[in-house]
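Chains as they are written, first to last, in the working numbering: chain H, 11 to 121; chain E, 32 to 479; chain X, 9 to 195.
Hints should not be assumed to be uniformly reliable.
What the hints assert, rightly or not - Among the chain H residues that face chain X by a calculated CB cut under 7 angstroms, a handful are:
| hint | residue |
| --- | --- |
| 1 | 27 |
| 2 | 75 |
| 3 | 116 |
| 4 | 119 |
Stated by the list, open to error - These stretches of chain X come out as covered by chain H in the derived footprint (C-beta under 8 angstroms, 3 or more residues):
| hint | segment |
| --- | --- |
| 5 | 59-68 |
| 6 | 89-97 |
| 7 | 171-183 |
Unchecked claim - Derived PhoX-like pairs: lysine-lysine, alpha-carbon spacing no greater than 25 angstroms straight-line:
| hint | chain 1 | residue 1 | chain 2 | residue 2 |
| --- | --- | --- | --- | --- |
| 8 | E | 112 | E | 126 |
| 9 | E | 448 | X | 111 |
| 10 | E | 448 | X | 193 |
| 11 | E | 116 | E | 126 |
| 12 | H | 108 | X | 111 |
| 13 | X | 111 | H | 120 |
| 14 | H | 120 | H | 108 |
Quick caveat, the hints were computed from the structure, so don't treat them as lab data. Positions of the beta carbon are idealized from the N, C-alpha and C atoms, including for glycine.
Below are the chains, spelled out letter by letter.
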Amino acid sequence: MDSLLHITTLHYLVLGAALFLLGVIGVLTRRNVVIVLMSIELILNAVNLNLVAFSRYWQGIHGPGALHGQVFAIFVITDAAAEAAVGLGILIAFFRNKETVNVDEVNLLKW
Amino acid sequence: MNEFLQQYVFSYLDTKGLTPGGAGNIFWATVYILLVFGGLSVAVIAMNWLERKILAHMQVRLGPMRVGPHGLLQPIADAIKLLLKEDIIPAEADKIIFWIAPFIVVLAAFTVFVVVPFGPTHAITDMNIGILFMLGVSSLSVLGIVTAGWASNSHYPLIGALRSSAQMVSYEVAMGLAVVSAIMMTSLETGTGTLSMIGIVQAQQAQGVWFVFKFFPLGLIAFGMFAIAMVAETNRAPFDLPEAESELTAGFHTEYSGFRWSLFFLAEYSAMIAVSSIAVTLWLGGWLRPFPGVHGPSIAIPHIWPPADPAAPTGALDFVFALCPGISFLLLGAMCFYNVQRMPKHPLFKIQTMGLAGFGAVLGLIGLIMFLPPVRDRVEDIFWFSAKVAGFMYLYIWYRGTFPRYRFDQLMKVGWKVLLPTGLALLILTAIVGMHADLWAQITGGGQ
Amino acid sequence: MNPVVTNPPITNPPVATPFFFYLLAATMIIGGILVITRKNAIHSAMALITALLAQAGLYLMLYAPFVAGVQIILYAGGIMVLFLFVIMLINLERNMKERQFNKQWLVGIVAAAALGGLFITVYTTATRGKPLFPEGRVIYADGQNTQAIAALLFDRSTGQYMFAFEIASLLLLVAIIGAVVMAKKRI
Chain H
11 MDSLLHITTL HYLVLGAALF LLGVIGVLTR RNVVIVLMSI ELILNAVNLN LVAFSRYWQG
71 IHGPGALHGQ VFAIFVITDA AAEAAVGLGI LIAFFRNKET VNVDEVNLLK W
Chain E
32 MNEFLQQYVF SYLDTKGLTP GGAGNIFWAT VYILLVFGGL SVAVIAMNWL ERKILAHMQV
92 RLGPMRVGPH GLLQPIADAI KLLLKEDIIP AEADKIIFWI APFIVVLAAF TVFVVVPFGP
152 THAITDMNIG ILFMLGVSSL SVLGIVTAGW ASNSHYPLIG ALRSSAQMVS YEVAMGLAVV
212 SAIMMTSLET GTGTLSMIGI VQAQQAQGVW FVFKFFPLGL IAFGMFAIAM VAETNRAPFD
272 LPEAESELTA GFHTEYSGFR WSLFFLAEYS AMIAVSSIAV TLWLGGWLRP FPGVHGPSIA
332 IPHIWPPADP AAPTGALDFV FALCPGISFL LLGAMCFYNV QRMPKHPLFK IQTMGLAGFG
392 AVLGLIGLIM FLPPVRDRVE DIFWFSAKVA GFMYLYIWYR GTFPRYRFDQ LMKVGWKVLL
452 PTGLALLILT AIVGMHADLW AQITGGGQ
Chain X
9 MNPVVTNPPI TNPPVATPFF FYLLAATMII GGILVITRKN AIHSAMALIT ALLAQAGLYL
69 MLYAPFVAGV QIILYAGGIM VLFLFVIMLI NLERNMKERQ FNKQWLVGIV AAAALGGLFI
129 TVYTTATRGK PLFPEGRVIY ADGQNTQAIA ALLFDRSTGQ YMFAFEIASL LLLVAIIGAV
189 VMAKKRI
């Protein structure tokens, strides 16, 4: 019980792993492309949570200025924004051609 | 029970020099939260009355006069009417989203006040990222507006919501640039800038000048840019095309009636007060009195001046400005009594006359209480902050009564083609001048 | 103008940490489950916004206020608005009435279960009895968090991520141009 009440780095890592799993399930099983993209955002958030939790741990060892994990998390958020914009642009272009948002029907290159 | 409560109340003394949130004092943080939100609700009600009266006087008519003396109880009548109205939901509307959307907007508008500083320790908390938090949370209201327009399942709300969100997103860029150029000025004295709201006002106090007068005219242009962008951000005239009644039949909140509409209305006025608080904190010196660097000769009047705190300044100019809260409330009371004397002498007006006289007496009493030294020292910061925000509220109403409405393409043109380049140029100029502040002082002949 | 980061160790410890952690964690998990199971894409987007705001709360608990502010501004206030606009643009009524899971959903669940098993194995057996992250470290306040991140990014003596910062700005430029070109009707 005490290990449940005292929040350590491991708690944040387990939470990050659970979110990562939810995102992977969303990417692999959903049919709507927009929801697949939103599951990718869930995955990126889980990774960010891991990074910031480890940054806190690292800061305890290496002094108050060692916030490398937080800087990495900021870069990941920036990348997620860029990727979401481009991904949604591709989605709109595809939708304009085929009038559908199903992952199953993105098969123009299938033999 | 008694000493339990006493222990909580006296824990205030342990938080000297810190805000309750910063000191980890949950009890006093909760008290501050209740005070701030209660004050905010009273301010919104007062804004409702003030807007109708001031607009009316600008249009040479009287405005609401019947409900209380000079319409003072009109907002209460409006609130009762809104609560008793029928709650209509459009037929094919998405019920969950329709229900959530007003709450998102209210949440975004109210959470902002957690970091607003009314004094050096009079904020609910002082986050390290104060101004970033305020800009970010106020941008969450775009989500509420977009979902409100979508969930109404009808053309006019959807177009209104898309226009409103496009406008808010465009002017957030201009707001951000103006804010960054003000943040850069906080690093001039100490070498390290700060994003915390209390830190920004303390930087203005250390440099002895409001940032609106700093590096003249750079501070003034940044303040002007933010003042224009904040009017567009809150969808107020002259940028209120998305909610104008003659254009889009009330825009994104067309399908909302009764209590839900009043939530949007509450959120709009709270957002106005929030962005005015940002402008006051960043450029107009927050809780500082006018001319914060000029103190005058030190004077001492027994039992009245200097204040009990040994670190407080004791100049003559400080004493004069310390009398302002009491004088302003006495002036308000005097205005009430002047109007009492102008009331018609008909017996049907007896209750209204007595009501107005009572209101004037209460205001005068508050004014007299504010002359007492212990009250005066504590209230001074809060008074100056509130007076400046009230000035901004008057400006908002003045704009509404004076300017014609912008067409939507003109609105977007101003946001992207005028404010954005000005903001970028201002940022670069402020950075260059800030790096060479002594050179600037030589060029402008001893100015700041 | 050398920024000196002097975070003192914490004097007043945080309050009710387990309560807030479990509340925010539950919000995030429930939001995640709602994202991947809702039929209506707008409901999924609202659930994701809730999860992102709860994540910002978790960042605040980890004494990372700047990352929390960036999360609220960029993720919840920027990316999700973009998602909402695109959902409104391509919303198809018939899409909501068809089945929601694609043809290979069983393989997907099996793969996710394998991944979950891998996580559990790593977290419970990797250290063979020793604690995974030993406690007893000093906890620093966050009064200078933004300044410390700025020191890592920009400072001449301690900044290591200046190059990455410039590359990130170039990446954003490429993304803007790409998104505009992709979504135009006629180039």
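Do the hints match the structure? See the list:
For residue 27 of chain H, the shortest C-beta to C-beta distance to chain X is roughly 4 angstroms, which falls under 7 angstroms, so the interface hint holds. The interface hint given for residue 75 of chain H is met, as the beta carbon of that residue sits about 5 angstroms from the closest beta carbon of chain X, less than 7 angstroms. Proximity of residue 116 of chain H to chain X is violated relative to the hint, the smallest CB-CB distance being about 11 angstroms (cut-off 7 angstroms). Taking 7 angstroms as the C-beta contact cut-off toward chain X, the hint placing residue 119 of chain H at the interface is violated, the least distance being around 17 angstroms.
Only residues whose C-beta sits within less than 8 angstroms of a C-beta in chain H count toward coverage, and the segment 59-68 of chain X has 5 of them, enough to reach three; the restraint holds. For the segment 89-97 of chain X, the proposed coverage by chain H is satisfied: 5 residues have a C-beta within less than 8 angstroms of a C-beta in that chain, meeting the threshold of three. With a threshold of 8 angstroms between beta carbons, the proposed coverage of the segment 171-183 of chain X by chain H holds, since 6 of its residues qualify and at least three are required. At most 25 angstroms may separate the alpha-carbon atoms for a hinted pair to count; residue 112 of chain E and residue 126 of chain E meet this at roughly 24 angstroms.
With a C-alpha separation of about 49 angstroms, the suggested pair residue 448 of chain E and residue 111 of chain X falls outside the 25 angstroms cut-off, and the hint is violated. Annotation: proposed proximity of residue 448 of chain E to residue 193 of chain X holds, straight-line Cα distance about 24 angstroms (limit 25 angstroms). Simply put, residue 116 of chain E and residue 126 of chain E have alpha-carbon atoms about 19 angstroms apart, close enough for the 25 angstroms limit, and the pair holds. Taken as a hint, the residue 108 of chain H and residue 111 of chain X pair is honoured in the structure, with Cα atoms around 19 angstroms apart against an allowance of 25 angstroms.
For the hint linking residue 111 of chain X to residue 120 of chain H, the alpha-carbon distance of about 16 angstroms falls within 25 angstroms, and the restraint holds. Proposed proximity of residue 120 of chain H and residue 108 of chain H is supported: the alpha carbons are some 15 angstroms apart, at most 25 angstroms.
Consistency note: the structure conflicts with the earlier hints numbered 3, 4, 9.
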